[in-house]
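Residues per chain, in single letters:
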Amino acid sequence: MSDVLELSPADALAGPRFDGIGAELDGNDPKRPRFQLPGAQLLATTHGLQRFMLLTGVVIVAIFVIVGAFAPVLAPFGFAQITTFNQPPSAEHLLGTTVGGFDVLSRIIWGARTAIEVILLAVSLSIFVGVTLGVISGFFSGVLDRVLVLFMDALYALPSLLLAIVVSIMVSSGQSGAFSGILSTSISITVVFIPQYFRVTRNATLAAKAEPYVDAARVAGANPGRIMFGHILPNVSQTIPVLMTLNASEAILTLAGLGFLGFGIEPNSAAEWGYDLNKARPDLSSGYWWGSIFPGLAIVLIVTGVTLIGESMNDVLNPLLRTRGGATTADEEELAEVVSAVLDDAPSSDEGLVEANAASVLQEPDPPGLPDLPDLSGSPVVEPADTPSAQEVSSDE
Amino acid sequence: MAAQQSPTKALVKYLAIRAALIIPTVLILVTVVFFFMRVTGDPITAAMGGRLPLDRIEALKDAAGYNDPIIVQYGRFLWDLIHFDFGRTTDNHAISEILLKYGPATLELVFWALIVAFLVGIPLGRLAARYYNKWQDMTIRTFAVFFYAAPVFFIALLLKLVFAIKLGWLPIAGRASTAVQIALDSKSKVNTHVNILNALLIGNPDYIVDVLKHAVLPAIALGLLTAGVFIRLVRINLLQTLRADFVTAARARGVKENDVVSKHAFRNALIPVVTVMGMQIAMMLGGAILTETSFEWQGLGYALSQYLLKRDFIAVQGIVTFIACVVAVASFLIDLINALIDPRVRY
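Listed in order, the protein sequences are those of chains A and B.
Its first residue numbered 289, the first sequence is counted upward by one per residue in my numbering.
Its first residue numbered 60, the second sequence is counted upward by one per residue in my numbering.
For the record, the hints were derived by calculation from the structure and aren't laboratory data.
Owing to the predicted nature of the structure, the values given are computational and were not obtained by experimental measurement.
Just so you know, even glycine gets a beta-carbon here, dropped at the ideal spot from N, CA and C.
Some clues are possibly wrong.
[As the list claims (entries may be wrong)] Below, simulated SDA-like cross-link-like pairs (lysine to any residue); rule was C-alpha separation at most 25 Å, straight line:
1) A:567 - B:225
2) B:193 - A:340
3) B:225 - A:340
4) B:272 - B:173
5) A:567 - B:173
[Claimed, not checked] Stretch-level coverage of chain A by chain B, calculated; a stretch enters the list once three of its residues show a Cβ under 8 Å from a Cβ in chain B:
6) 409 to 421
7) 442 to 453
8) 491 to 502
9) 574 to 588
[Unchecked claim] Take a look, some chain B residues computed to stay more than 12 Å from chain A by CB distance:
10) 96
11) 120
12) 133
13) 171
14) 250
15) 261
16) 267
17) 368
With the rest of the complex left out, here is chain B (with noise of 0.2 Å):
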């Protein structure tokens, strides 16, 4: 902590140039996920083509201003940006009520996910560093890389198969049973969308155990893709901070080994993970569309996917440009956390 400036001084200026940031990355994503998606042609021919006279397609087309110049659409698309307009889908809804409606559950599967990760990834970490190059240590890494390598579907059709179909503990789809979402959405005072505030909010345990078992499956089968990833670094950064010169120093102190471990190298061996957090949020959010897929979890991938079949390119530019807002969002976020809790970082 011994820096020229003041610590504090210095966290706040790394943290507005890193808010600065934010900017340019979201220009950038939002530029290059618009221009990718208009290469090839306009969204309304691609719904509709061959389906509708060709006459009607360019009334469509007028209206919706695809035969201006590019560069007059990227400057509207920009603007509207700007005061949360995303567009409306080829069935006419807007796309930021889409957005509003599914994103908070998508932000619940990721919610419970990370709880997965958190509770299986680190004390498995630690365990593997603890057996380092024992059959305990192996067996972790191969069930890391067994997630690693199992995609997220397949996990969550074992998932499925063996919870849902063949023992019945579990609901086999779905984010809480059909007449609880009609009450979670009518009866709560507020409706947050994410399940399980509202049911928090209206108080019936029967609610709130209803949703509970609804989400255990996905948040496993999106938690344990992620856990991989945990374990590995957990159990790498453990090994390797347990040989760093500050280890040393405080058993050269004479502070006991126990305090070494968690309080010394345990607590530092974490930092990369919030570090990579930010890049888990991305991979997440790209597992998450599977997932939802998967258990017809009603948020925005499986809105995405949903409207990736119906050819709606216009929802799926809004929902992607969406999610890439979120994720360089989201990696700031992780970058504050990580230099608030890491004075190295404050450079």
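This is chain A alone, in the form it adopts within the complex (with noise of 0.2 Å):
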């Protein structure tokens, strides 16, 4: 992540970037437009099974934000209106109806409502405090620094989901109505993030810290809230979007585990899938399955869209992973074959191989393009290139 994390002065001094993705990519280009839509680049610069998984993504996280915001409109019942009682999948009800005598199929619309609200607020608000208090202890290390590290720390170390409750017991001693529930819920699951935008941002602010602009900042006579949130913060923002949806993932994926725990919101305030399946979950061995599995997919559903999206960013961000031009580089195809050759068990073929191998060695030591594989020669701490979440928080070792 090297390389997407640096940035020269040059860079710097053209202005805020929010644009990181991509930027790096084709920033030399002049006939880029000024004005895109949001995302484009991002598309614009993946190929192939990249640019499908992306797509898929986003459709399918379309539908959910089409389907929470119309959720009135498209819903037959409401949330917390009683139909009939334990009825199986028919014409009248799609997905059949609870034992408590909710339409599933309502229930899973109004659910994709709760989801999008708690994610928006839970990202939102962790993103606001985690990068507001990165950068101011980024910028003025010391003993406040040390101090939210340590703590930080802690709440990293915590399991999320327990660190939920616990947070959920602190802001609404675990009951909650409507919209505060949802309130609390996503205040809940807010912390479990916050350290994460915390170390991100902190470590980009250290780094950005001695970069020539800042002095000039200085020099000019900013006061150190102009230099942090005016000039570093839209230079250490670049990692945000990929921990955001990657974030988004998670947070339903809690929100659902706290319904589960019966621990979120109230059924006659908000539906909520995980709710949901528990309390259908007695009642399975007696064939009652509608009530169940559908809310379960749905939560697979938008979980994956996110996940897609969430990981195709990564891996345009990340140089390790990074195609160009076609759908795999010349590299990646020799290394696909060098991988599937060696792996294969077959002994007949080895010294052929090792020759191959040998040869492409000596033509190309280091592929262009792709830098050395710093984690893997000295940190100690070796980072897993594929999992960001972890990659972010341990990336100051």
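Join the two chains into one complex using the hints; note that each chain is given alone, in its own frame.
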């Protein structure tokens, strides 16, 4: 990730850059239009399967957003409206009704609204708090920084569901009504994610603080607040979109987990998939499957959608996985061949392979465009390139 | 291994520092939990509010010390903690006894789940790397994304629906059949609370089979969650390691290609798996709460969810504090293993 985080002074002087994704890929392209749809650049940098994954994710999430937004129009019944009891799927109730008499399809549609609300609230709150604290902590260093880092590390070490439970008890004693329920659940999830944004922003701020443009701003007489939020913040915010999508999927899982433990939102104030799934569980053995399978599938689908977006963004930002030009590059095809060949247990082809590999290695010891593998040579923490949340958090060890 | 000081000395020094770091970590963790739980009020009002007259609640609060200044309460909390006293539940059980009774069950579940995770995650990760960008790779990656996206309780539900209800091959819930559980707890010379150990100590094959049968579905549900992470890690690290300089060097020395992969690359590609195990333990314990609740597996997570429903926040605080300590110690153990197998860690 190093070449993404490091900004040359020229980049920095070019002004705030919120379009971190892809900017370093086609930043030199003079034909690049100034204004684009958000995400259009991201899409332009993807190819083949990666683009398919990204688009699939976007479509899934878009469907859920639309369903959530138009829930009152789309849902045949209200989320707390009692219809008939425990009916299997039929023409009138497409996905059946619950033991408590709710229409399952309507609960799922209203649940989309709850999920979207919680994601938006939780992610924006945690970005706001985490990034602000991160910039302040990185900028001022000293005792404040030490204390905040220790505190955030402790929060991060706790299993996220446990932390969410503890915060939920703190915010609402575990009981919640309509909006307060969504708000308190969001706050519980927020606290889980704050440490991640904090770590990422703090580390980037530490690096950015030494850049000449910060000195320039200081010489020009800018106060610390302006330097932090006017100059440093725009330059350290590149990694946030990736973290955001990854957290969004975790937010849904945490929401569902809280609901499953009976700790989320009351059924009469909003529909929540995890809660519904848990309520349907005891009657599973008496053939009542529709009340639990459908909410579960809804969770799987939305998390898959958000994860696909996050993974694609991460692939684009991760130089070790980046593809250029066509669907795969020459290096990658070569690598794929080498890997599939060497992992083949057939010993007969060994010698030919060794020669072939030796030849390719001699010609091209470091494939161009792919940096050395720094995380395997010196750093004590060997970072998994594929799991950004782990990677972001451990990246400053 | 060519360090300035002797490798053993460096290792010992590293481990000593790392061990010393447990204390502040645990201290901060328990402090955070304590103050979070006390911000909005005392646990007695939370559990009994509205069910008992106000003066009765006040008397209970006085007796339990919840009317003392928060700093005094905090000091007492720490002092008790050092003596493995996590307080008493509102129905007057010592929480430390609950931990001793239910903790081993959670340990057992995590152990089985780890076996599943390793058995599924590592071979599949290797396979995905072997067929890099082929359909096998895509299938395995989709599988990994699915198990990340599906909540563990939904997987549990599907497993139960198929293997317990429809096919009837495996028990639907619990750690052992009722009769077997009673026998396990009474007949064993030492009650370890770990069913499989008790069964082995008694030596009755029927008990062992019964315990194993009950463990299969919970272990798969929780194990697949972690297996998804392992697949991704092994795959990406094997791909990267095969490009590393030392692999090239091994090839240049004429090491056989199979040995290059299995002895040089694959072993090194496994190191990150051990590294992330520290974080996995936290994730697994979180997953264990949901798995145990799904399967009524009577471990810490199950106990926690029961106390949550009863709004017994002293018990919740005790269990959360204990899990926090376990996470801190587990991550130390993982670092220790990591330092032993990877010389680069000893900085």
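Problem set entry | Straight-line alpha-carbon gap residue 567 of chain A to residue 173 of chain B, limit 25 Å | violated, 29 Å
For this session: Between the stretch 491 to 502 of chain A and chain B, see if three or more residues pass the 8 Å beta-carbon test, and mark the coverage as holds or violated.
Result: violated (count 0)
For this session: Evaluate the condition: distance from the CB of residue 267 of chain B to the nearest CB of chain A exceeds 12 Å.
Result: At roughly 26 Å from the nearest Cβ of chain A, residue 267 of chain B sits farther out than 12 Å, so the non-interface label holds.
For this session: Between the stretch 442 to 453 of chain A and chain B, see if three or more residues pass the 8 Å beta-carbon test, and mark the coverage as holds or violated.
Result: Per the Cβ count (9), the hint holds.
Problem set entry | Coverage claim, chain B over the stretch 574 to 588 of chain A, checked by counting residues with Cβ within 8 Å (three needed) | Holds: 6 residues of the stretch 574 to 588 of chain A have a Cβ under 8 Å from chain B.
Problem set entry | Verdict on residue 171 of chain B as a residue remote from chain A, using beta-carbon distances over 12 Å | Holds: least Cβ distance 19 Å, greater than 12 Å.
Exercise. Can the restraint linking residue 225 of chain B and residue 340 of chain A be considered satisfied, given a maximum Cα separation of 25 Å?
Worked result: violated, 36 Å
Exercise. Taking 25 Å as the top limit, are the C-alpha atoms of residue 193 of chain B and residue 340 of chain A close enough?
Worked result: Holds: residue 193 of chain B and residue 340 of chain A sit about 16 Å apart, inside 25 Å.
For this session: Sort out whether residue 225 of chain B lies within 25 Å of residue 567 of chain A, counting only the CA atoms.
Result: holds, 20 Å
Problem set entry | Non-interface claim for residue 96 of chain B, where every Cβ of chain A lies beyond 12 Å | It is violated; residue 96 of chain B is separated from chain A by about 6 Å at its closest Cβ, not greater than 12 Å.
For this session: Check the non-interface label on residue 250 of chain B: least C-beta distance to chain A beyond 12 Å or not.
Result: holds, 28 Å
Exercise. Do three or more residues of the stretch 409 to 421 of chain A come closer than 8 Å to chain B, measuring C-beta to C-beta?
Worked result: violated (count 0)
The structure is inconsistent with the numbered hints 3, 5, 6, 8, 10 and 17, although it conforms to all the rest.
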